[in-house]
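Participant: Take a look at the letters that make up each chain.
There are 4 protein chains.
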Amino acid sequence: MFSYKRRVKYYETDRMGVVHHSNYLKIIEEARIKWCDDNIMKYSEMEKRGCIIPAASASENFLSYLRFDDPFRVEVELKKFQGIKMTFNYKIFNEDTEELCYTGESTHFFANDCGNERYLPYISFRKDFPDEYQKLKLLSSEV
Amino acid sequence: MFSYKRRVKYYETDRMGVVHHSNYLKIIEEARIKWCDDNIMKYSEMEKRGCIIPAASASENFLSYLRFDDPFRVEVELKKFQGIKMTFNYKIFNEDTEELCYTGESTHFFANDCGNERYLPYISFRKDFPDEYQKLKLLSSEV
Amino acid sequence: MFSYKRRVKYYETDRMGVVHHSNYLKIIEEARIKWCDDNIMKYSEMEKRGCIIPAASASENFLSYLRFDDPFRVEVELKKFQGIKMTFNYKIFNEDTEELCYTGESTHFFANDCGNERYLPYISFRKDFPDEYQKLKLLSSEV
Amino acid sequence: MFSYKRRVKYYETDRMGVVHHSNYLKIIEEARIKWCDDNIMKYSEMEKRGCIIPAASASENFLSYLRFDDPFRVEVELKKFQGIKMTFNYKIFNEDTEELCYTGESTHFFANDCGNERYLPYISFRKDFPDEYQKLKLLSSEV
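Residue numbers (this note's numbering), protein chains in the order written: chain E, -13 to 129; chain Y, -13 to 129; chain A, -13 to 129; chain D, -13 to 129.
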């Protein structure tokens, strides 16, 4: 199982003393990009070749609370890959207590980076990135 | 229908040129707090009286993209209120084009602000805030 | 004196219970862009015409603390304009108490938006935006 | 020289394609807290014992631009320590190119975490944290 680890930053907390819930989408983005770097292709490279991967949807459960300096682990799993879209599952654990803090899911599509539109047009990922397409195909069939 | 309006801030965009998707949870928080201020009780007052309202879950669909300075409108609706929890629905529209940009939902519970726990303990909202309880009851039965 | 007003957002606070100090650069950006919209030219329009205005330097004093929902006022003043650079002064006041919370200064230059360089190249603002150049000239001589 | 290293996160960029300038105060906070953890005392522990260390002032120069995934190194140096206040210097380098991207300075004071005031009251750091006081004294005399 792929995992990504770090500690909670001071500025990620809010006046409740816990991580502001909007930050989990940032945290799982960090983890997903690392997953992509390790398993498919350097994400920054993919963008240089004209492919961006925006979020289409997300859902999240906030189960217990992370506080400043808590060490945590994000487990990332590719749940589905249908050629033009892919869906990831996430679990976040407090590494001190092994409590499950968060479960989430996000779906992304492959688009190109055309400057000024409200809709980011789909690209043919299969055609433009054949090797990466095969890797995703393989990884998604495993799960 | 309650609505909350403003424009996209520069710092809310990312290198794709659109609002970073994590910011929508901040935007709907602004709108929900304004809804609460107008319909139930000043949110800051509620916190002074010891009640915090953390998020338990959220789900979101990113339908079209908002860019810097785009004017938008968040429509907020109380979907459910079960005494210890409540669920809101959100729709965000681009006010220039009337396109629907975002649909979302979030569920919150009433807790007290005890400093150092990983779980934020539920309070009895009915007992501690009887007037506000009635207002929520009323508003939730209307929808 | 130009001023920009709003209230502190929940997500702008940190676990100290006050606005995280990094947010003041966002707040003065909002105020500066509004100043620019009102006095010089729609900022978003300026970017569409290829001019971006990055920060070159900033300095700040955090004098007293703003908390969630505090109403505040940012006073913005163009301090200097030398054709390729301009410097702004900011003061933030708590609108409930009239306390001065913050003083700051930021310097910006006019550049073009060439995608991949580490240095953002200066543009000739005088030549490319003659009318806006005159407005800035005038406003800076007044102060 | 103490240094702190990581890469630029996607969500730290703005529509210019570079790190939004407000994020540098977050980045140097991460680096300063790590410096404090390593040299003085676990920062989170200090807060548990009632001491918070807010920023009193900051100044920054943005020299060249960091983009998504750029590796960087923050060099942190204690510049001054006068018992109730301390000042740090920061330099950020792009680790790929060794370009200097940023120089900054921030001053902090030792306060206690009393909930609702606009002014955070100074504590006597010398009395409450004698060992940590000596360490800071020593480190500041070295530079």
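Accuracy of the hints is not assured; some may be wrong.
You can't tell identical chains apart in this list, so a pair holds if it fits in one copy or across any two.
As the list claims (entries may be wrong) - Cross-link-like lysine-lysine pairs, in silico, DSSO-like; alpha carbons within 27 Å at most:
{"hint": "1", "residue 1": "K(-5)", "residue 2": "K34"}
{"hint": "2", "residue 1": "K113", "residue 2": "K77"}
{"hint": "3", "residue 1": "K(-5)", "residue 2": "K121"}
{"hint": "4", "residue 1": "K65", "residue 2": "K34"}
{"hint": "5", "residue 1": "K12", "residue 2": "K113"}
{"hint": "6", "residue 1": "K(-9)", "residue 2": "K113"}
{"hint": "7", "residue 1": "K(-5)", "residue 2": "K71"}
{"hint": "8", "residue 1": "K(-9)", "residue 2": "K12"}
{"hint": "9", "residue 1": "K(-5)", "residue 2": "K66"}
{"hint": "10", "residue 1": "K77", "residue 2": "K(-9)"}
Rather than coming from a laboratory, the hints here were simulated on the basis of the structure.
Note that this is a predicted model, so its numbers are computed, not measured.
Participant: Please go over all the hints and tell whether each is borne out by the structure.
Facilitator: Results of checking the hints against the structure:
1. In this homomeric assembly, K(-5) and K34 come within 27 Å of each other (Cα to Cα) only across copies, at 16 Å, whereas the closest approach inside a single copy is 29 Å.
2. Taking CA atoms no more than 27 Å apart as the test, K113 paired with K77 passes in neither setting, with 32 Å inside one copy and 35 Å between copies.
3. Taking CA atoms no more than 27 Å apart as the test, K(-5) paired with K121 passes between copies only; the shortest distance there is 24 Å, against 33 Å inside one copy.
4. Proximity of K65 and K34 under a CA criterion of 27 Å is satisfied intra-copy only: 26 Å inside one chain copy versus 40 Å between copies.
5. In this homomeric assembly, K12 and K113 never come within 27 Å of each other (Cα to Cα): the closest approach is 30 Å inside a single copy and 37 Å across copies.
6. Taking the shortest Cα distances, K(-9) and K113 never come within 27 Å of each other, neither inside one copy (34 Å) nor across copies (37 Å).
7. For a Cα distance limit of 27 Å, the shortest separation of K(-5) from K71 across copies, 23 Å, qualifies, whereas the shortest one inside one copy, 32 Å, does not.
8. Taking CA atoms no more than 27 Å apart as the test, K(-9) paired with K12 passes in both settings, with 13 Å inside one copy and 19 Å between copies.
9. With identical chains, the CA atoms of K(-5) and K66 are at most 27 Å apart between copies only, with a shortest distance of 25 Å across copies and 31 Å within one.
10. In this assembly of identical chains, K77 and K(-9) lie within 27 Å of each other by CA distance both inside one copy and across copies; the values are 12 Å within and 26 Å between.
In summary, the numbered hints that this structure violates are 2, 5 and 6.
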